[in-house]
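There are 2 protein chains.
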Amino acid sequence: MKLKGCLLLVSCAALFSQSTTVLAEETYKLRLAETWPTGMPLLDSTVQTFADDVEKMSNGRLTIRVDSANKHKAPLGVFDLVKSGQYDMGHTASYYYKGKVPNTLYFTTMPFGMTAMEQHAWYYYGGGKELMDKVYQPHNLLTFPGGNTGVQMGGWFREEIKSVDDLQNLKMRIPGFAGEVLARVGATPVNIPPAELYTSLERNTIDALEWVGPSLDLRMGFHKIAPYYYTGWHEPGSENMFLFNEEKFNSLPEDLQTILVSAMKNASFNMYIEATSMSTVNWASMLQDFPDIQVRSFPPEVLKALKKANDELLEEHAANDPLAKEIIESQRDFASKARAYTLISDYGYLETTKDL
Amino acid sequence: MKLKGCLLLVSCAALFSQSTTVLAEETYKLRLAETWPTGMPLLDSTVQTFADDVEKMSNGRLTIRVDSANKHKAPLGVFDLVKSGQYDMGHTASYYYKGKVPNTLYFTTMPFGMTAMEQHAWYYYGGGKELMDKVYQPHNLLTFPGGNTGVQMGGWFREEIKSVDDLQNLKMRIPGFAGEVLARVGATPVNIPPAELYTSLERNTIDALEWVGPSLDLRMGFHKIAPYYYTGWHEPGSENMFLFNEEKFNSLPEDLQTILVSAMKNASFNMYIEATSMSTVNWASMLQDFPDIQVRSFPPEVLKALKKANDELLEEHAANDPLAKEIIESQRDFASKARAYTLISDYGYLETTKDL
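Chains as they are written, first to last, in this note's numbering: chain V, 180 to 535; chain S, 180 to 535.
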């Protein structure tokens with residue numbers, strides 16, 4: 180027998196001088212599938228902390244079993260696992276599913292797009308959430324921001340990139356939309372499983388790769404073989420997401436829904452803080468232990484070519500799909516206003532104080 | 180009779196086929212004093228949302244009565260109101276209390292200090308929280324981050340500042356430590372109640388003032404009379420705080436404590452996002468409606484003089500107080516590492532893409 184909200188209500192008033200309500204409380208269990216392997220820093224740990232928070236806040240009424248990719252074996256199948264109800268929740272990134280649902284592309288990060296805080300402002304106050312709902316609701320999925328890495332670095336290169344010519348036939352591990360952009364300017368984007376990245380770079384199977392940033396790059400060791408570390412252009416604020424089976428979420432009592440939403444938002448915030456902290460500490464280690472690392476930015480000519488390719492691809496997407504057009508225009512409009520403010524605030528502060 | 184955790188535990192097992200615990204639940208009421216007036220955008224609204232969240236998450240077991248400064252009449256007395264137990268909680272900013280407890284100065288924002296995310300990383304992962312606890316625990320107060328404004332602007336000036344000479348005897352509304360810094364280079368900092376700021380500037384009682392940034396400056400109207408708007412140096416990431424009477428917090432059940440901590444962290448995150456959004460929208464309005472606004476940065480000569488004065492003042496503080504020394508050194512060490520990362524991530528991205 181499924182007990183849905185025990186109806187037994189007993190007033191303590193007869194026993195105590197203060198009126199107190201006694202509620203029989205059902206306990207709930209949710210299963211969460213995450214894209215990440217067990218123990219992955221920053222990502223798995225964010226999800227584990229989220230599950231602990233929910234259990235504590237609900238005083239044990241709601242527990243969440245977290246299954247890593249080691250268990251469910253479908254790291255990039257979390258969308259389907261949650262849609263079908265095999266799992267109640269997921270933790271993944273939206274752009275992994277662009278092959279299945281093209282408009283999921285826009286809700287992680289975009290090349291030359293918004294930084295984490297600009298994107299958060301767009302999502303919560305600029306219409307972003309409503310557009311993301313339009314993409315996911317036909318699949319009976321609810322989404323919630325799941326944690327930001329901050330600006331991702333442009334990657335590790337064995338040779339310096341001085342012009343667009345240097346990109347011709349350059350074999351680079353860079354997945355997703357950014358790979359399409361690079362292909363359009365003449366590079367050869369490839370995707371390689373994380374476990375094979377170091378060896379591929381070492382054996383010259385690839386010439387370059389991007390991963391995340393100092394937060395997660397240090398342990399990968401790429402700096403030992405590809406000393407040119409480029410500043411970012413392709414993932415200026417990658418936000419992961421929580422997925423929820425809509426029917427399952429709606430079946431929960433309202434207080435547990437609110438607890439879940441609060442805990443997910445905290446997880447999102449905390450991951451961004453933890454990523455910043457890890458990058459700070461790891462970058463200091465890398466600078467100290469590997470003084471040969473060369474930080475570079477792509478020359479303006481290269482960035483202009485990438486931006487042009489990026490804008491052309493977006494135009495094509497917008498021409499093919501009215502919802503894509505709506506999303507692209509909403510992002511472009513908000514981003515231009517947000518960037519105008521960022522340039523007089525964060526950028527202005529950093530620019531004028533960096534050489535004092 | 181005070182009912183402290185109703186002890187009546189009844190198992191539903193006898194009634195239903197599923198084991199369910201019945202807990203008699205006490206309800207709790209907390210009183211919160213905020214520094215802000217009723218209806219103040221961004222600040223009062225952050226606290227109201229926090230109180231609503233707590234009530235929903237606790238299913239009504241915990242309610243928070245928010246008293247604005249209009250009610251308790253002590254906007255800058257929240258520290259004492261919570262320490263004495265007249266209120267259980269507060270929402271205010273740490274640096275308002277530097278006259279009473281000098282080391283509270285360091286936990287809002289510091290001139291030439293960390294940005295919001297750098298400071299969050301320091302607070303949560305770099306020892307900041309432990310140092311803040313050292314300052315507040317002797318007063319039986321717990322503190323929690325309470326929301327960031329982002330980089331505050333350097334203020335509105337009627338005349339352009341071209342050199343340190345232009346600062347001599349300049350009457351500027353700028354409170355706190357930044358005022359001390361300005362005084363040391365020859366300006367005359369004054370403090371004026373918010374309601375009198377516009378008139379003071381209009382009637383030449385002051386030559387310049389700083390308030391927050393586009394988020395809250397637009398409604399004040401300063402741009403109509405002082406067109407030079409300077410980028411920030413003195414408050415690169417102002418974080419408000421929640422204060423809690425320690426005994427009161429510890430008397431609450433653990434699940435409600437966790438709910439409170441989660442809701443406070445959400446409030447902190449959300450205020451930063453809302454401030455970014457408000458600044459984005461308001462700055463776009465100001466640019467459109469007041470094309471005469473002139474954005475400027477202080478010349479390097481001026482910033483160097485301010486930085487030198489700032490460092491001298493910090494040296495004096497550190498020499499006078501071992502805990503101040505510990506805090507200043509912890510911030511300086513973490514900030515230098517965090518900034519090295521910020522410069523290759525956020526700054527690198529903004530710098531290389533701003534002219535594409």
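Hints may contain errors.
Identical chains blur together in the list; that is why a pair holds if it fits in one copy or across any two.
Lysine to any residue pairs mimicking SDA-like chemistry, simulated, CA-CA at most 20 Å apart [as the list claims (entries may be wrong)]:
no., residue 1, residue 2
1, LYS235, THR206
2, LYS533, ARG475
3, LYS533, ASP512
4, LYS279, ARG337
5, LYS208, ASP434
6, LYS487, GLU530
7, LYS487, LEU535
8, LYS250, LEU395
9, LYS208, ASN238
10, LYS486, LYS533
11, LYS533, ARG511
12, LYS279, TYR207
13, LYS277, PHE291
14, LYS235, TYR207
15, LYS427, TYR526
16, LYS483, THR531
17, LYS483, ASP434
18, LYS403, THR531
19, LYS252, SER379
20, LYS262, ASN370
21, LYS504, GLU480
22, LYS341, ASN461
23, LYS487, THR531
24, LYS313, PRO479
What the hints contain is simulated information worked out from the structure, not anything from laboratory work. Keep in mind that this is a model prediction, so the values were computed, not measured.
Here is how each hint holds up against the structure:
1. LYS235 to THR206: both (13 Å within a copy, 18 Å between copies)
2. LYS533 to ARG475: both (17 Å within a copy, 17 Å between copies)
3. LYS533 to ASP512: between (30 Å within a copy, 16 Å between copies)
4. LYS279 to ARG337: neither (34 Å within a copy, 57 Å between copies)
5. LYS208 to ASP434: both (15 Å within a copy, 18 Å between copies)
6. LYS487 to GLU530: Answer is between: at 18 Å across copies they meet the 20 Å cutoff, but 26 Å inside does not.
7. LYS487 to LEU535: Classified as between; 9 Å across copies, 36 Å inside a copy.
8. LYS250 to LEU395: neither (23 Å within a copy, 50 Å between copies)
9. LYS208 to ASN238: both (13 Å within a copy, 19 Å between copies)
10. LYS486 to LYS533: For LYS486 and LYS533, only the inter-copy Cα distance (12 Å) is at most 20 Å; the intra-copy one is 27 Å.
11. LYS533 to ARG511: between (29 Å within a copy, 14 Å between copies)
12. LYS279 to TYR207: Neither: 31 Å inside a copy, 49 Å across copies.
13. LYS277 to PHE291: For LYS277 and PHE291, only the intra-copy Cα distance (18 Å) is at most 20 Å; the inter-copy one is 43 Å.
14. LYS235 to TYR207: both (13 Å within a copy, 18 Å between copies)
15. LYS427 to TYR526: neither (43 Å within a copy, 42 Å between copies)
16. LYS483 to THR531: Answer is between: at 10 Å across copies they meet the 20 Å cutoff, but 25 Å inside does not.
17. LYS483 to ASP434: neither (50 Å within a copy, 53 Å between copies)
18. LYS403 to THR531: neither (33 Å within a copy, 26 Å between copies)
19. LYS252 to SER379: Close neither inside one copy (24 Å) nor across copies (67 Å); limit 20 Å.
20. LYS262 to ASN370: Close neither inside one copy (26 Å) nor across copies (58 Å); limit 20 Å.
21. LYS504 to GLU480: neither (28 Å within a copy, 48 Å between copies)
22. LYS341 to ASN461: neither (27 Å within a copy, 40 Å between copies)
23. LYS487 to THR531: This pair counts as between: shortest inter-copy Cα distance 15 Å, intra-copy 30 Å.
24. LYS313 to PRO479: This pair counts as neither: shortest intra-copy Cα distance 37 Å, inter-copy 49 Å.
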